[in-house]
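2 protein chains.
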Amino acid sequence: MIRVLLAEDQGMMRGALALLLGMEPDIEVVAQVGRGDEIVDAALLSRPDVALLDIELPGRSGLDAAADLRDETPDCRVLILTTFGRPGYLRRAMEAGAVGFLVKDGPVEELAEAVRKALRGETVIDPALAAAALSAGPNPLTARERDALAASVDGATIADIAAGLHLSESTVRNYLSSAIGKTGTRNRMEAVRAARRQGWL
Amino acid sequence: MIRVLLAEDQGMMRGALALLLGMEPDIEVVAQVGRGDEIVDAALLSRPDVALLDIELPGRSGLDAAADLRDETPDCRVLILTTFGRPGYLRRAMEAGAVGFLVKDGPVEELAEAVRKALRGETVIDPALAAAALSAGPNPLTARERDALAASVDGATIADIAAGLHLSESTVRNYLSSAIGKTGTRNRMEAVRAARRQGWL
DNA sequence: CCGGACCCGGGACATTTGTCACGGCCGGGT
DNA sequence: ACCCGGCCGTGACAAATGTCCCGGGTCCGG
Numbered sequence: 001m002i003r004v005l006l007a008e009d010q011g012m013m014r015g016a017l018a019l020l021l022g023m024e025p026d027i028e029v030v031a032q033v034g035r036g037d038e039i040v041d042a043a044l045l046s047r048p049d050v051a052l053l054d055i056e057l058p059g060r061s062g063l064d065a066a067a068d069l070r071d072e073t074p075d076c077r078v079l080i081l082t083t084f085g086r087p088g089y090l091r092r093a094m095e096a097g098a099v100g101f102l103v104k105d106g107p108v109e110e111l112a113e114a115v116r117k118a119l120r121g122e123t124v125i126d127p128a129l130a131a132a133a134l135s136a137g138p139n140p141l142t143a144r145e146r147d148a149l150a151a152s153v154d155g156a157t158i159a160d161i162a163a164g165l166h167l168s169e170s171t172v173r174n175y176l177s178s179a180i181g182k183t184g185t186r187n188r189m190e191a192v193r194a195a196r197r198q199g200w201l
Numbered sequence: 001m002i003r004v005l006l007a008e009d010q011g012m013m014r015g016a017l018a019l020l021l022g023m024e025p026d027i028e029v030v031a032q033v034g035r036g037d038e039i040v041d042a043a044l045l046s047r048p049d050v051a052l053l054d055i056e057l058p059g060r061s062g063l064d065a066a067a068d069l070r071d072e073t074p075d076c077r078v079l080i081l082t083t084f085g086r087p088g089y090l091r092r093a094m095e096a097g098a099v100g101f102l103v104k105d106g107p108v109e110e111l112a113e114a115v116r117k118a119l120r121g122e123t124v125i126d127p128a129l130a131a132a133a134l135s136a137g138p139n140p141l142t143a144r145e146r147d148a149l150a151a152s153v154d155g156a157t158i159a160d161i162a163a164g165l166h167l168s169e170s171t172v173r174n175y176l177s178s179a180i181g182k183t184g185t186r187n188r189m190e191a192v193r194a195a196r197r198q199g200w201l
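Heads up: the sequence lines are chains A and B, in that order.
Residues in the first sequence are numbered from 1 upward in steps of one, following UniProt numbering.
Residues in the second sequence are numbered from 1 upward in steps of one, following UniProt numbering.
I should point out that these hints are in silico values taken from the structure, not numbers from a laboratory.
Hints may contain errors.
[Said to hold, decoys possible] Simulated coverage check for chain A against chain B, where a stretch passes if three residues somewhere in it have a Cβ under 8 Å from a Cβ of chain B:
| # | region |
| --- | --- |
| 1 | 12–19 |
| 2 | 106–118 |
| 3 | 188–199 |
Ideal Cβ positions, reconstructed from N, Cα and C, are used throughout, including at glycine.
Taking the hints into account, I'd like the entire structure generated from these sequences.
Structure, rendered in structure tokens:
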């Protein structure tokens with residue numbers, strides 16, 4: 001029996017996947033969590049063979065949790081299951097020690113098979129996505145440029161960002177201007193969207 | 001046997017829900033579509049008793065499709081199944097003739113039961129959500145203010161919006177200023193997010 | 001018929017945003 | 001030792017944005 005941990009915030013999706021995987025004769029779902037900051041605790045308790053993690057989770061990113069699992073439970077293979085096939089996500093997933101990267105499109109049949117492959121030590125990645133990740137190159141933004149961009153979502157003004165980051169307004173504007181240049185966009189919001197599409201945020 | 005049509009863009013979610021509903025002894029999934037503009041055709045072909053529609057679909061909104069179904073297949077009950085419990089969505093769903101409104105949080109067990117209730121003519125709505133929809137009141141934005149807001153996502157400049165709507169830049173700025181005022185926000189992006197949260201967009 | 005709401009546009013103005021040039025400070029690599 | 005890059009800040013400037021006026025038009029309900 002392959003012991004599986006499932007981390008996914010949408011209740012219906014989580015329940016459906018758990019039922020599905022549980023129907024496979026060789027797979028058993030030993031833990032389900034809806035928050036990113038519950039993953040490590042649950043894994044230590046239930047000792048899964050494979051962890052199936054969403055990326056966008058409340059509390060803690062699935063990517064960060066993957067890195068935690070590599071340290072805390074090294075014999076647990078991590079599979080990332082996410083809505084968005086962003087190149088930067090794939091890159092970060094690999095750096096965090098994940099053995100596979102699935103997008104929520106594509107057929108359900110993929111899922112159980114991916115779990116089995118993961119246990120056998122094979123890596124499971126969509127080839128087209130891998131190519132995109134390679135061709136996109138690494139994240140060109142510096143840490144502070146990322147911070148500034150991330151803080152400028154939902155219409156925060158320069159003053160808000162500066163306050164949140166404990167910086168001068170001038171500095172924030174310089175970072176944003178630089179990020180806009182690097183993303184080849186025309187303003188903050190376009191830069192945010194471009195960076196998000198690449199998985200840089 | 002209850003004949004169900006399933007409209008959902010995420011392949012894995014769609015497949016999982018279909019399998020799940022198919023396991024119920026009294027339910028049969030007779031059609032699955034991944035795009036909003038395929039709903040009506042599929043419904044005319046497969047004559048479902050209940051249509052389970054996501055809102056955010058490529059091609060055509062699930063809410064618009066619900067209105068279509070009311071005309072084309074009046075004996076088919078419509079259930080809306082969506083990620084976001086936005087008050088405005090619920091209101092529009094009811095106006096489009098839906099008999100129920102489910103959010104993708106909450107347990108999977110809800111789902112089959114909701115389908116059965118829908119067939120019996122009962123309406124299925126989360127009471128807390130219904131209260132929120134009532135207390136929020138109707139959409140205060142005019143049609144053009146909505147257009148301007150909707151066109152200003154992903155960092156479009158005023159000139160872009162004006163060109164896309166065949167309007168003068170002054171007009172666009174007036175609409176946006178008005179929308180900002182009505183949403184009680186400080187700039188475009190905050191207004192967009194506020195309007196989206198309410199389901200006004 | 002009149003008021004009110006929506007649609008569309010113009011002009012003027014203050015504020016915000018984005019750009020550029022310029023400093024200084026640190027740490028790592030050659 | 002030196003340079004380079006990231007970090008933090010300033011000042012000045014052009015462009016974009018948001019606000020407040022104003023005008024005109026239509027349509028609908030009282």
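A quick look at each hint next to the structure:
{"no.": "1", "hint": "12–19", "result": "holds (count 6)"}
{"no.": "2", "hint": "106–118", "result": "holds (count 6)"}
{"no.": "3", "hint": "188–199", "result": "holds (count 6)"}
Of the numbered hints listed earlier, not one is contradicted by the structure.
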